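**Q** Protein sequence lines correspond, in order, to chains A and B. Letter by letter, the first sequence follows residues 260 to 552 of my numbering. Letter by letter, the second sequence follows residues 9 to 252 of my numbering.
These are computed hints drawn from the structure, not numbers from a lab. This one's a predicted model, so the numbers in the text were calculated from it and none came from an experiment. Hints are supplied without guarantee of correctness; some may be wrong.
[To be verified] Computed list of lysine to any residue pairs in SDA-like fashion (alpha-carbon distance at most 25 Å, straight line):
#1 241(B) <-> 469(A)
#2 104(B) <-> 375(A)
#3 469(A) <-> 441(A)
#4 469(A) <-> 538(A)
[As the list claims (entries may be wrong)] Computed, partial: chain B to chain A, Cβ under 10 Å:
#5 80
#6 85
#7 164
#8 203
[What the hints assert, rightly or not] Far from chain B, some chain A residues (derived; all Cβ distances over 12 Å):
#9 283
#10 287
#11 445
From the three backbone atoms N, C-alpha and C, an ideal C-beta is built for every residue, glycine too.
What follows is the residue order along each chain.
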Amino acid sequence: MFSYCTDPSSLQGLPWLSCYLTSGTHLLFYSSFGTVLLLLAITAPVALIFGYGGAMAARSRIAPLRWFGKIYTAMVRGIPDIIFFLFVPIALDQAFEWMRHQALCDSSQPVRQGSDFVVCDAAKLPLSDASPWVHDAYGIFLAVIAFSIVFGAFAANVLYGAMQAVPRAQLETAEAYGMTPRQVTRRVLVPQMWTYALPGLSNLWMILIKATPLLFLLGVEDVVYWARELGGAKTSAFTYPHPDWRLYYFLALLVFYLLMTWISGRVLDRVARRLSRGQATLAGEAQRKGAIA
Amino acid sequence: MKLLTIAATTLALTAGIAHAQTVRMGTEGAYAPYNFIDDATGEVTGFEIELGNELCKRAELDCTWVRNDWDSIIPNLVSGNYDTIMAGMNINEDRKQVIQFTQPYTPGMPSAYAALSPDVDVEGGVIAAQTSTIQAGHVAETGATLLEFANPDETVAAVRNGEADAVFSDKDFLAPIVEESGGELVWVEGYDTVPLGEGIGMGLRQSDNELRETFDAVITEMKEDGSLNELIKKWFGEDAMIFE
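Next up, chain B with everything else stripped away, as it sits in the complex (with noise of 0.2 Å):
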């Protein structure tokens, strides 16, 4: 009894220092369906924005979502100016070398290849991933010419103005591109769905254990009453990979 005097007392008090908390959440703002700016209104929207305001209020933590470039976006949550990242960042061995993740909150989504003709060679021609994304460690290994750029978008440009042979990067970012360029755009023949990472989790400092400690349970809590599942086929389609 008093071991539960205890835990309950000691449960009410820390649940009282998290409530009293601000995570600044940082997130790229360039990735659809992940993480975007909505333009009619200017703030951050999509999938991973909606699961993180869930998890915070879950948490019973006060969140604030901060944009953040790419390139920088892993030192500037070393350094401090913001807490955790949710930027359809996928979990790798490099990666947990600097920050460590939560455990993942989508399985391991494949990466695809577009090209504007489905018979590009994607080991030998040219092909555009977005800087020090595991898209573009693959292409490194694969023997292509890796043309890096800094945000997503310009990968696939590159593509369409016939600077890159094919654009390699997550597939749930690239459907949407693919089918509304109206046959301009086409997945390359047996690459439209390539195995790679272990899913995407959310970044931490390596010394914000708790926090890790938070978040890891109530994604645990999310994915076993099914609403994480329901969350990811609300932006990724009835057909999108889910947990078991």
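With the rest of the complex left out, here is chain A (with noise of 0.2 Å):
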């Protein structure tokens, strides 16, 4: 990174430190905070919009429908999160080879050899010569689908718990406005459940920012794989030898998940006062009087 960083062992005190701390580990310890944000940001709308999914078909008249509703959050809800992040990813990307490798090469190879899962090569995802980032994406991906498959059905319940919530009266009043069914969801449920639905969403989402640290049992080389990597005792055989320094490491991690806490929290607080504005509970009520005085 800087000039004098050429030979670490001649630097001293704080040059020293400059230098370690732009290593090229370092710099993929910081790129890797990166990842954990693009996660949450990727993972928290598709999660919303499966729960949406969920609670819609929980509700539903088709009696299939409601029936996969139900049984996908009672599902995933009743799985221990760990067993389902390892199931997941290694179930999805052994279907997507199986299905290619039926499609793309000799199918009457068997794909499970003793206890081989083998593919052939134009099969394999990704392609054994694509480059390491897209290794890396399609972790990810694999990763942001399990993620969201088990936040989703949190997310299914706390909905279908809020649609319930919003109160008879107002939907009976849209239906005798003459709206059809469609148009009482559309038009008066949706944009009301969401001042119930708030809390547990907000739960939900502290509770993914703190599940992160997960992606490491997925082979996804976070933040925790890095602290923990970096922190161990280094040798001389390493450019920057230094003792066991975890400790400094994952105190920074705890800084770094306060931090994402901490500001979530204040931006969900603003939401829930926005949505609580003309509602019929008593936030709502509230904010009318204080409004008025």
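Put the two chains together into one complex, using the hints given.
**A** What follows is the structure, encoded as structure tokens:
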């Protein structure tokens, strides 16, 4: 990074530290924070869509769709997250490769040979000669799916509950105006349910932030991987030898996560205030009275 | 003559195929000096990386390195995420049930116990070792209490903070750590060289016989021309065990 970093062993104090903190591995460590933020940015909306779909399915008048919605929430919420995180990416990866194997190769070759899972070269996902970032992106893609399925199920339950909490009188009034069931849902039910859903959803968001270290289990090199790797004692085989510094690295992670949840808390408070405006709830009533005074 | 032509053509053809093939090499990246992440560049380096690159060059293969946690390094090989393992993995019977190995590319490297004092009871105390290594298996057999960790760094840290009485690991991994600890860590008396394992080999899927034969051939070549011994001396010092 800096010109004086060519021979760190001759450096001391601050110059050494500045070289150390800008070394190749540290740059990877910093970019892994980006990975975590990227995962959150993609997973949260996708999980919300899954949740919305699940809640709508669970409320559906078509029986098979309703069963699907109920089974989805019950099953995912009933299985430990970690098992799901370990299962989904492997199962998805093998399912994709199996389908490609059937389509692209001589499918008379068995996929399972002893303990091996073997597909032909053309069916590999990503291909063996793909550049490393493709492999990383694919790993993150599988992680996003796994997180979205799990958090989508929780979100489905929250949204289902929120939809049930909208006062029946509101929907009845809409019906009396001659709205079709679809219009009632879109114009009255959904806009009003958010205020009931928000406490549950904000809990989920916090849990999602705190669950990101599970990425490490999925083989994605996230902040926890790098903190453990960089913090471990380094002998003189390394360019920057140092004793066991894991404590400081984990402390940095602690601050990062605390900051993330603190900022989220502030934002969610504002959203809650905005959503209760004009609602027939205690918070909405308090806002109305405040505005008059 | 005809037979020779056929042989030459097949050789040329297979060499052509081999050249186009990309081999993904799995490693842990946390086991200096075998394999570790160069902190200046963020790339993997070490004895096995240099050896692996040389093997690939000789076999005319296009190789890329993939880091994977030790815990899941065998499952991810058999499910096809990468094609080989070079991660200081000792050849043993349990592993041969699931994967196959090339011939060893190191002689049977000794293991050793390191602790805070030389008179630790290694057969009755608490011994730290990395999960699913031959050392962990050995500790379990001695009657000592085994304390397993997911990565090798943590096994040493456990001794330093008093969680374990001693750490049992490959001697070449522990040697630089003991040397540079300034007397804090020492070899356990009588247990500084424990012969264990048949040597370290490259792991491959059991269905990948062709690739194993390719690598076996180039390992033999490097053993015969002495370049493998040179490489061992470069990374493990002049006194390291070498092939006869």
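**Q** Against this structure, judge whether each hint is valid.
**A** Each hint, compared with the structure:
Note on residue 241(B) and residue 469(A): the hinted pairing is violated, with a Cα-Cα distance of about 46 Å set against a maximum of 25 Å. Among the hinted pairs, residue 104(B) with residue 375(A) is consistent with the structure: their alpha-carbon atoms are about 13 Å apart, no more than 25 Å. The suggested pairing of residue 469(A) with residue 441(A) is violated, with an alpha-carbon distance near 37 Å, which exceeds 25 Å. Proposed proximity of residue 469(A) and residue 538(A) is contradicted: the alpha carbons are some 31 Å apart, above 25 Å.
The beta carbon of residue 80(B) is positioned within 10 Å of a beta carbon in chain A (closest approach about 7 Å), and the interface hint is therefore held. Taking 10 Å as the C-beta contact cut-off toward chain A, the hint placing residue 85(B) at the interface holds, the least distance being around 9 Å. A hinted interface residue such as residue 164(B) counts as satisfied when its beta carbon comes closer than 10 Å to some beta carbon of chain A; here the least separation is about 7 Å, so the hint holds. Interface hint status for residue 203(B): violated, as the beta-carbon distance to the closest one in chain A is roughly 24 Å, over 10 Å.
Against the 12 Å criterion, residue 283(A) falls within the reach of chain B, whose nearest CB is about 3 Å from its own CB. The Cβ of residue 287(A) sits about 5 Å from the closest Cβ of chain B, inside the 12 Å cut-off, so the non-interface label is violated. Distance to chain B confirms residue 445(A) as a non-interface residue, since its nearest Cβ pair spans about 45 Å, more than 12 Å.
The structure shown violates the earlier hints numbered 1, 3, 4, 8, 9, 10.
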